[in-house]
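Chemist: Residue strings, one per chain:
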Amino acid sequence: MTPRRRRFLKRQHHLKGRASKALKRARKCKRQNRVGVGTLLVPKVASEQRVRNYDRKRVGVRFPSDFSLLDHPEATITFFRHLRKLILEQPHRAVAMDHSSIANLSPEAGLVLIAELYRADFYAPRCQKFGNPASAPLVGEIFQKIGYWQHFGINYNGPERSGRQFILQKTGRRTSGSLVKSVIAHLSEVAAFSPAEKQRLYEAFIECMDNVMNHAYPHRIRTPPVLIGQWWLLAYRDSTTKEVWLCFLDQGEGIPGTIRTRIKDLLPLFRPDDSALIVKAVTEGSFSKHDSPTRGNGLPTLRAFVDEAQDGELRIMSNYAYCVFAHGKKPETKMLTQSFDGTLVVWRIRR
Amino acid sequence: MSQIAIDLPKQFSDTPGGRYRARSEKSGEEFRDDVLRPALKKADFLFIEMNGASGYPHSFLDESFGKIIDEIGIKEFHRRIKWNLTDNAVALRRLEEVIRKHSAG
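From first to last, the protein sequence lines are chains A and B. At position 160 of the first sequence (counting the first as 1) the number is 160 in my numbering, and the numbers step up by one without a gap. If you count the second sequence from 1, you need to add 1000 to reach my numbering.
For the record, the hints were derived by calculation from the structure and aren't laboratory data. Treat the hints with care, since some could be wrong.
Some but not every residue of chain B turned toward chain A, in silico, with C-beta under 10 angstroms [said to hold, decoys possible]:
hint, residue
1, Gly1018
2, Tyr1020
3, Pro1057
To list a few chain A residues with every Cβ distance to chain B over 12 angstroms, as calculated [what the hints assert, rightly or not]:
hint, residue
4, Leu70
5, Leu83
6, Leu88
7, Arg93
8, Ala94
9, Ser100
10, Phe122
11, Phe205
12, Cys208
13, Thr241
14, Gly298
List time: in silico DSS-like cross-link candidates among lysine-lysine, alpha-carbon distance up to 27 angstroms [as the list claims (entries may be wrong)]:
hint, chain 1, residue 1, chain 2, residue 2
15, B, Lys1042, A, Lys198
16, A, Lys198, A, Lys85
17, B, Lys1010, A, Lys198
18, A, Lys334, A, Lys85
19, A, Lys181, B, Lys1010
20, B, Lys1101, A, Lys280
Computed from a predicted model, the values in this text were never measured in an experiment. In this text, a Cβ means the ideal position worked out from N, Cα and C, and glycines have one as well.
Generate the whole structure from the sequences, applying the supplied hints.
Modeler: Okay, here's the thing in structure tokens:
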């Protein structure tokens, strides 16, 4: 081994272990007057510069053109799994996110994306994330309104193109009555809920949130790494279309998984699939062992609002199931080829 | 015979939360431990004004009133605790259901 080669190996910090072995072998060869044995343990590299930049190489992430979990669930879930794998499996690498490829964006996809950034910040804090502004103005506007651009230091100053007034995405690890009250007040400016309806909505939202706290994150959840007890919430009102929209997300076990865990001895021998469990939870409510007409009313109450409004829908995506409860229609269910890890509830009504 | 009046929305919270203190703001557990139990120790009778809150989730009522029933018994509960809830019919039904469930044991 030449002295130049030996100096080069010493400078490679991340190859220290291997270099030490190669150096030891080289010294051993020299002592024994041998030329060299076997193959080098260190990878062949063209230049020192390439090795220095190896760990800091940016990986590009290209978004799907139609970035919507509800309209294009398979492609969007594939994207999220790819992004999560990139960040978590190689946490020392930087990720460059190309937002210019997004032509259409739905707000719930933006919320799930924010949740993934939270997960990345927690489990891969060394992973630097870069992003460029979106080409489509409406996409940039939605990202600005939900607070996504804050993660990249981008400020969208374009004109407002939609009549949607969002609340900034909220996240937390405790059930918060004050937050729910403020969300309902925000939505009421368009939906004009009566006092009794506000109370029903309040109780339904609190139940959904508390269920996440108490059931969605059993201790055994390990993969993918999750933020235990964390939920995310986003809502908007649209004074043009007179609709209100709310999205609630958690990274827990999922509604079907939670139900199976809680009442495994009550389930029939022929186990229902994920979508059947969600449909039953929404239409019949309680899955408690102590069956009570006033328990488990969060999702049924939200569905009742959909049926009472002029138009609306309740969409739930959890594990392999995607269920849609539209106004005046029977529940539609779809099985996903890839699991949506967690639960996404999207509720929209127009009065 | 001493009596204490508790205005739940004003003295505790107008936004009652979920079940457990560790997982919820203004939880049923907090109301039971910090308001109901000390009041029951101080006075023979409690009157709880519940009108004016944003709502009463089932988990809140179950963890607060339900557990008190388990501790003191249904007869003592009816004898010592009265409440007024007229602006939320669904929550009132929910409270009655909780009382029924816990009185059955």
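Chemist: Give a verdict on every hint.
Modeler: Structure-based check of all given hints:
At its closest, the beta carbon of Gly1018 of chain B sits 3 angstroms from a beta carbon of chain A; the interface hint therefore holds under the 10 angstroms criterion. With its C-beta approaching chain A no nearer than about 7 angstroms, Tyr1020 of chain B sits inside the 10 angstroms limit, and its interface hint holds. The restraint placing Pro1057 of chain B at the interface with chain A holds, with a minimum CB-CB distance near 4 angstroms, inside the 10 angstroms limit. Non-interface call for Leu70 of chain A relative to chain B: holds, since the shortest CB-CB distance, roughly 28 angstroms, exceeds 12 angstroms.
Every CB of chain B lies more than 12 angstroms from the CB of Leu83 of chain A, the least distance being 29 angstroms, so the non-interface label holds. Annotated as non-interface, Leu88 of chain A keeps its C-beta farther than 12 angstroms from every C-beta of chain B; the closest such distance is 27 angstroms. No Cβ of chain B comes within 12 angstroms of the Cβ of Arg93 of chain A; the nearest lies about 36 angstroms off, and the non-interface call holds. No beta-carbon of chain B comes within 12 angstroms of the beta-carbon of Ala94 of chain A; the shortest separation is about 36 angstroms.
The claim that Ser100 of chain A lies off the interface holds: its Cβ sits roughly 41 angstroms from the closest Cβ of chain B, which is beyond the 12 angstroms cut-off. Once the 12 angstroms rule is applied to beta carbons, Phe122 of chain A is consistent with being away from chain B; the minimum gap is 19 angstroms. With a least beta-carbon separation of about 9 angstroms from chain B, Phe205 of chain A fails to lie farther than 12 angstroms from that chain, contradicting its non-interface assignment. Non-interface status of Cys208 of chain A relative to chain B is broken: a Cβ of that chain comes within 12 angstroms, the nearest being about 10 angstroms off.
Distance check for Thr241 of chain A against chain B: the nearest CB is about 27 angstroms away, which clears 12 angstroms, and the non-interface claim stands. For Gly298 of chain A, the condition that its CB be more than 12 angstroms from all CB atoms of chain B is violated, with the nearest at approximately 9 angstroms. Distance hint between Lys1042 of chain B and Lys198 of chain A is unfulfilled; the C-alpha atoms sit about 35 angstroms from each other, more than 27 angstroms. At roughly 41 angstroms between alpha-carbon atoms, Lys198 of chain A and Lys85 of chain A are farther apart than 27 angstroms, so this suggested pair is violated.
Of the supplied pair hints, the one linking Lys1010 of chain B and Lys198 of chain A holds, its CA atoms being roughly 19 angstroms apart against a limit of 27 angstroms. Of the pairs offered as hints, the one joining Lys334 of chain A and Lys85 of chain A holds, with about 25 angstroms between alpha carbons and a cut-off of 27 angstroms not exceeded. A hinted pair counts as satisfied when its Cα atoms are at most 27 angstroms apart, and Lys181 of chain A with Lys1010 of chain B qualifies at roughly 16 angstroms. Annotation: proposed proximity of Lys1101 of chain B to Lys280 of chain A holds, straight-line Cα distance about 23 angstroms (limit 27 angstroms).
Hint compliance for this structure: hints 11, 12, 14, 15 and 16 are broken, all remaining hints hold.
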